[in-house]
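> Same order as they appear, the protein sequences are chains A and B. Under the numbering used here, the residues of the first sequence are numbered 42 to 159, in order. Under the numbering used here, the residues of the second sequence are numbered 161 to 270, in order.
Wrong hints could be hidden among the right ones.
[Claimed, not checked] For lysine-lysine, the following BS3-like pairs were computed, each having C-alpha atoms within a straight-line distance of at most 30 Å: (1) B:K212 <-> B:K262; (2) A:K55 <-> A:K96; (3) A:K61 <-> A:K82; (4) A:K82 <-> A:K105; (5) A:K82 <-> A:K55; (6) A:K61 <-> A:K105; (7) A:K55 <-> A:K105; (8) A:K82 <-> B:K229; (9) B:K262 <-> A:K61; (10) B:K262 <-> A:K82; (11) B:K212 <-> B:K229; (12) A:K107 <-> A:K55; (13) A:K82 <-> B:K163; (14) B:K163 <-> B:K262; (15) A:K105 <-> B:K229; (16) B:K229 <-> B:K163; (17) B:K262 <-> B:K229; (18) A:K61 <-> A:K96; (19) A:K107 <-> B:K212; (20) B:K262 <-> A:K105; (21) A:K82 <-> A:K107.
Simulated from the structure, these hints should not be mistaken for laboratory data. As the structure is a computational prediction, the values presented were derived from the model and not from experiment.
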Amino acid sequence: GAVVSQHPSWVICKSGTSVKIECRSLDFQATTMFWYRQFPKQSLMLMATSNEGSKATYEQGVEKDKFLINHASLTLSTLTVTSAHPEDSSFYICSAPIMGGTRTYEQYFGPGTRLTVT
Amino acid sequence: DAKTTQPPSMDCAEGRAANLPCNHSTISGNEYVYWYRQIHSQGPQYIIHGLKNNETNEMASLIITEDRKSSTLILPHATLRDTAVYYCIVRVGGYSTLTFGKGTMLLVSP
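The whole structure should be built from the sequences, with the hints applied where relevant.
And the structure:
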């Protein structure tokens, strides 16, 4: 099946620094990718939609200047957490849609990136 | 997207069938029922989806009631590795995002 990878799988950074997370579609092209965030014991919350060759669209309440998204190719989207703070510590997950056999879209998720800001 | 209601947790013995219910009484005619699961500290995994007919794949079966107001995900022979949070999501089949609720925490025990 389709594979989406993320790198790194976990990262620890100091408060005030920036962290880049990569999301790659390994065996398919993705003009759109989605970024989610999940805090402990909570469900996934959509942060933004990454569009290849154009600006990302952010969900309400998500600071676009803090969470920079770049989708420069059909297989790679990056999320940069700028000036990270401890409250940004979370599990970040990306996904990409693929059309299935019934001509509906199925989302394939990456394994996630655990960010801890100290 | 229509809302769904799932029990917060369920238990199942290893080797037995796990039947996970989902209510979606406000589902629209063009909305599909999708099931995903999330094993602890991993990204969600697509399981199955359907519109109105029952569906089966190598992972599970999906039974949708005739009025489409509820559905059941069936794992025919649950294993310990099936312990996860299972999410039932209704959405149109297009390029849209997924809205995750709280899901059902399925615990499979020896």
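> With reference to the structure, classify each hint as holding or not holding.
Each hint, compared with the structure:
1. At roughly 24 Å between alpha-carbon atoms, B:K212 and B:K262 fall within 30 Å of each other, so this suggested pair holds.
2. Distance check on the hinted pair: A:K55 and A:K96 sit about 28 Å apart at the alpha-carbon level, within 30 Å; holds.
3. Under the criterion of a C-alpha separation no larger than 30 Å, the hint pairing A:K61 with A:K82 is consistent with the structure, at around 24 Å.
4. For the hint pairing A:K82 with A:K105, the CA-to-CA distance comes to about 25 Å; that is within 30 Å, so the pair holds.
5. With a C-alpha separation of about 24 Å, the suggested pairing of A:K82 with A:K55 holds against the 30 Å cut-off.
6. A distance of roughly 14 Å separates the Cα atoms of A:K61 and A:K105; the hinted pair therefore holds under the 30 Å criterion.
7. For the hint pairing A:K55 with A:K105, the CA-to-CA distance comes to about 21 Å; that is within 30 Å, so the pair holds.
8. Pair hint A:K82 plus B:K229 holds up; C-alpha atoms about 28 Å apart against a cutoff of 30 Å.
9. At most 30 Å may separate the alpha-carbon atoms for a hinted pair to count; B:K262 and A:K61 meet this at roughly 28 Å.
10. Under the criterion of a C-alpha separation no larger than 30 Å, the hint pairing B:K262 with A:K82 is consistent with the structure, at around 9 Å.
11. Under the criterion of a C-alpha separation no larger than 30 Å, the hint pairing B:K212 with B:K229 is consistent with the structure, at around 10 Å.
12. This hinted pair checks out: A:K107 and A:K55 have alpha carbons roughly 16 Å apart, not beyond 30 Å.
13. Restraint check for A:K82 and B:K163: satisfied, since their Cα atoms lie roughly 20 Å apart, inside the 30 Å limit.
14. Proximity of B:K163 to B:K262 is assessed by CA-CA distance (about 11 Å); at most 30 Å being required, the pair is judged to hold.
15. With a CA separation close to 38 Å, the supplied pair A:K105 and B:K229 exceeds the 30 Å bound.
16. A threshold of 30 Å between alpha carbons decides the hint, and for B:K229 with B:K163 the separation of about 11 Å falls inside it, so the pair holds.
17. Simply put, B:K262 and B:K229 have alpha-carbon atoms about 19 Å apart, close enough for the 30 Å limit, and the pair holds.
18. In summary, the hint linking A:K61 to A:K96 is supported, as the alpha carbons are separated by about 17 Å, within the 30 Å threshold.
19. Simply put, A:K107 and B:K212 have alpha-carbon atoms about 42 Å apart, too far for the 30 Å limit, and the pair is violated.
20. Taking the CA atoms of B:K262 and A:K105, the gap is near 26 Å; set against the 30 Å cutoff, the hint holds.
21. Restraint check for A:K82 and A:K107: satisfied, since their Cα atoms lie roughly 24 Å apart, inside the 30 Å limit.
Of the numbered hints listed earlier, those contradicted by the structure are 15, 19.
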